[in-house]
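There are 2 protein chains.
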Amino acid sequence: MKVVIVGGVAGGASAAARLRRLSEEAEIIILERGEYVSFANCGLPYHIGGEIKRRRDLLIATPELFREQFNIDVRTGHEVTAIDRGGRSVRVTERLTGREYDEPYDRLLLCQGAAPVRPALPGIDHPRIYSMRNIPDMDLVKKLVDGGAKTAVVVGAGYVGLEMVEALVHRGLKVDLVELQEQVLPILDPEMASDLRFHLEEKGVRVRLGTGVKVFHDVNGRVEIELADGQSVAADFVLMAIGVVPESGLAQAAGLETGARGSVRVDEHLRTSDPEIYAAGDMVEVTDTVTGERTNIPLAGPANRQGRIAADHICGRNSAYTTTQGTAIVKLFDLAAAITGASERTLRRTGIAFEKIYLHPFGHAVYYPGTEQMHAKVLFDPEDGRILGAQIVGFDGVDKRIDIFAVAVRMGMTVHDLEQLELAYAPPFGSAKDAINMAGFVGANVLNGDVRFWFAEDHPEKTAAGTVLDVRTRKEYEKGHIEGAVLIPLDELRSRLDEARRLAQPLYIYCLTGIRSYLAYRILDLNGFSELYNLAGGWKSFNCCYRERLEDGGIGVRHTS
Amino acid sequence: MKVVIVGGVAGGASAAARLRRLSEEAEIIILERGEYVSFANCGLPYHIGGEIKRRRDLLIATPELFREQFNIDVRTGHEVTAIDRGGRSVRVTERLTGREYDEPYDRLLLCQGAAPVRPALPGIDHPRIYSMRNIPDMDLVKKLVDGGAKTAVVVGAGYVGLEMVEALVHRGLKVDLVELQEQVLPILDPEMASDLRFHLEEKGVRVRLGTGVKVFHDVNGRVEIELADGQSVAADFVLMAIGVVPESGLAQAAGLETGARGSVRVDEHLRTSDPEIYAAGDMVEVTDTVTGERTNIPLAGPANRQGRIAADHICGRNSAYTTTQGTAIVKLFDLAAAITGASERTLRRTGIAFEKIYLHPFGHAVYYPGTEQMHAKVLFDPEDGRILGAQIVGFDGVDKRIDIFAVAVRMGMTVHDLEQLELAYAPPFGSAKDAINMAGFVGANVLNGDVRFWFAEDHPEKTAAGTVLDVRTRKEYEKGHIEGAVLIPLDELRSRLDEARRLAQPLYIYCLTGIRSYLAYRILDLNGFSELYNLAGGWKSFNCCYRERLEDGGIGVRHTS
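Sequence order for the protein chains is A and B. Position 197 of the first sequence, counted from 1, bears residue number 248 in our numbering, the numbering being contiguous throughout. Position 334 of the second sequence, counted from 1, bears residue number 385 in our numbering, the numbering being contiguous throughout.
Honestly, the hints are just simulated from the structure, not real lab data. Careful: at least some of the hints might be erroneous.
Just so you know, same-sequence chains aren't split out, so a pair can sit in one copy or run between any two.
What the hints assert, rightly or not - Below are the DSSO-like pairs computed for lysine-lysine, each with C-alpha atoms no more than 30 Å apart in a straight line:
hint: 1; residue 1: K194; residue 2: K530
hint: 2; residue 1: K530; residue 2: K53
hint: 3; residue 1: K407; residue 2: K530
hint: 4; residue 1: K530; residue 2: K104
hint: 5; residue 1: K193; residue 2: K254
hint: 6; residue 1: K254; residue 2: K265
hint: 7; residue 1: K104; residue 2: K53
hint: 8; residue 1: K53; residue 2: K407
hint: 9; residue 1: K407; residue 2: K104
hint: 10; residue 1: K407; residue 2: K193
hint: 11; residue 1: K526; residue 2: K104
hint: 12; residue 1: K104; residue 2: K194
hint: 13; residue 1: K526; residue 2: K53
For reference, chain A alone in the conformation it holds in the complex (with noise of 0.2 Å):
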């Protein structure tokens, strides 16, 4: 058998050492269009900031390493043009050479991944506009902050901009951050991201929300951008980071299925309409683990998990891919944002019911140093308890916590299995108590009836209607409160409770992180208060909802070091 790979990145080169693995007969080819296979592309801008100080470190597996341990014909320089399907061959341009020629195949894997999106600008074929996909965007970008540049503009705040941001930050560049969505990170939902907007501006990054590129100028060979609000910001280079598209273009003019956003559709064992070619990676259609739909999620982690399983099911074996949830993580300075599932805006725009909860727990046990509050969000089934989604931004454990969130969504568990999941405790690594086990404590008396949450976003039509509580204390209060909100204590509630009784109902309880107000929750309702609400994740919560900083509110700057 013979089987052809399109592509030699992620999908492409795990697909290839996986059929050799299974088969030492197999004739294997990879036709890879750049100069590299197996290239670390999700370490490009690390090597551009300076942590990763070795250029060869980015490249994984070499086409040498590929025909002395796999026995597999690597030709890098070779795009493929068209597919015959009837004749079951590809057609190859050597680049270098100009050389065209047919190559046959019996199975053929398409890994052709996704492109950065460059939308038709006016002005857009300025030399200094760049993305960020291959080693030599990667070059062209290194070169110029090694020879001094000083000003950027990133335009897209998603995982690559951001990235490229704080690569761009430590080599000392002024950046401005252009994103047209009114947040940074727009995977998150907006009151998830806005610490990290706090954390890039303590940074002196220039964020510019909520607008976009109308037209590039050059400027001497600078890049002038003129922006839709009508600002304009000068720089010596742009990164364009906007998102990527399938790569499907071969595939479609091949009359290959497609899907969602122009991705190939494939079956679960990831084959095409056509049974005798595959794809695999950021270029396929996928189905979402929550909502169901059929989408397209370019993610590392996915596309070399279906490479393996494209290999197995060419070589005879019932592997199949199930869903992709999306999980995913950004490292931005100090801080680190994650998700995993469905966001809230997902869960509203497909119309699926959930409750959600805010926490603030700390990474490891706060007696030990070293750590901080990290700013959690849980989203869940209102019947069942099932995990929907999760997104979290703090400074330590927060990859730990996505990941167990991650595992609870794949694996169908509940609130319920969260409060009993024994997790490794020791005062540097965790509580003994997890933010796990609250997450499945807050959850589980949601659906007890335990609590009932109010929201930001509740603030201030619905609260108008009864009064806002502050169960913090005085000083607290003193230093910043939620407008009109009357103050009682928490540890003056029990004795003030006919007082309590003379407020407008229904309650709207705070305080600042929720725990608190949780406890005045609980006294009220036992005391025969019928309409109590829980501020959710509290002051903190709150804060993020809002665009001014408030002090003690956010989590944007690590208090301990």
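Add chain B to chain A, keeping to what the hints say.
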């Protein structure tokens, strides 16, 4: 209803707070023999070591806070000396005054924890022999260290012993560690503990394994220990950390049913054999998640959750505690060591069939700085692939991976589930194929028959029948190899198949970590070799079974910073 709680640290404090959240009417009394309630007992070594600067940070909740926020009557220095089950009251001694009184209860909750074992050895009453259970214990040892103690002997290399060793070394003391077993951290399988020992020795700790204390002598106020192996060691003080026993004397005297290791037997609602008496925490018997055995596993996380569940049930809720799986982690200087579920030792003892694999994955993308290989052992069911247990020793990312294995053990997940997990990946946090996915792939390979493993313990007896085949490079081989191993580097294997065929079969293949040898295994398997074994975890895991430290073997040294 009146609830009396005996003991106010982990389970007792959790139960009391939960009780109040469920009932404003209940009268809740905590009787605590010591001076402190709800203190951070897991933090004690770190205040001695200096990481936790302020002693007051260890006092999580004071009696005042319990009174003001929870309306709970906390009586420290009050010791319960007897239970009158018929009369539903406890006999209490106020330690300061000697006053005795009876305190009636409707429900009694015992949360007395576990006491350090203090063996009846000659000289054990020497005033410079300490243990580490509570704040006064900590104060005593800290005072000695602050006062200039130069040397210490820690007896027992479990969690507390290792944490105390680290703390004392941080403070500049010369420390001897004495352990009766032939390994440190005896809860791990021995090969997983060997890197811990090397790491201790690198930090200047004298590790004395396989020996115990015979006699303690006084030498001018200092302690001299005569060891069972005939050697002796002197020090300014001794810290005994050879384990704990359930504090069940009061329960036993009252005729409550007891079980494993003298722990108090409870049902799933934490009720003892007297349905009006509950017990929770380190003093109770639990069911082992994996083996189903009744046992006693003292851990902070389960203690806290049990307290909560007991409170629920006292208030008429149907909460239930299921099982304890023994998830635990310890920081030892730069290393972390962690376990969840059953060890190989436990599985062998209980006759549960298992497969085992070893891996050496990196904490995050190898090209991003700050990561090291960890050493992971995973045990799973040979039929359905269900995860039975895992152990990890390493530098970064150990806590995250053990937690995911902990979820896997609890939820009955299989190696196939691990293959499919979609975890958060960016270079600073993980790998596109995470350590967990890799464990799933390797486990699935075993179940699919794609690989069979051999282990260090098969050498030299079992391997003598065939050939040990080294597939590393010539350079690696020349630096050191398994005695008698034949070298055929992986890259030459396809061209030297005839030579391989002439070797005595079976072939016991190995490389450094098991990856290249797996490739070699597949090449040979697909070329008709039928008697093949791959060394699980390779040369690195192999070396962990031997006492001498070998260059490039083991993980006791952090290579990058």
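Output the indices of the hints that this structure fails to meet, ascending. 1, 2, 7, 8, 9, 10 and 13
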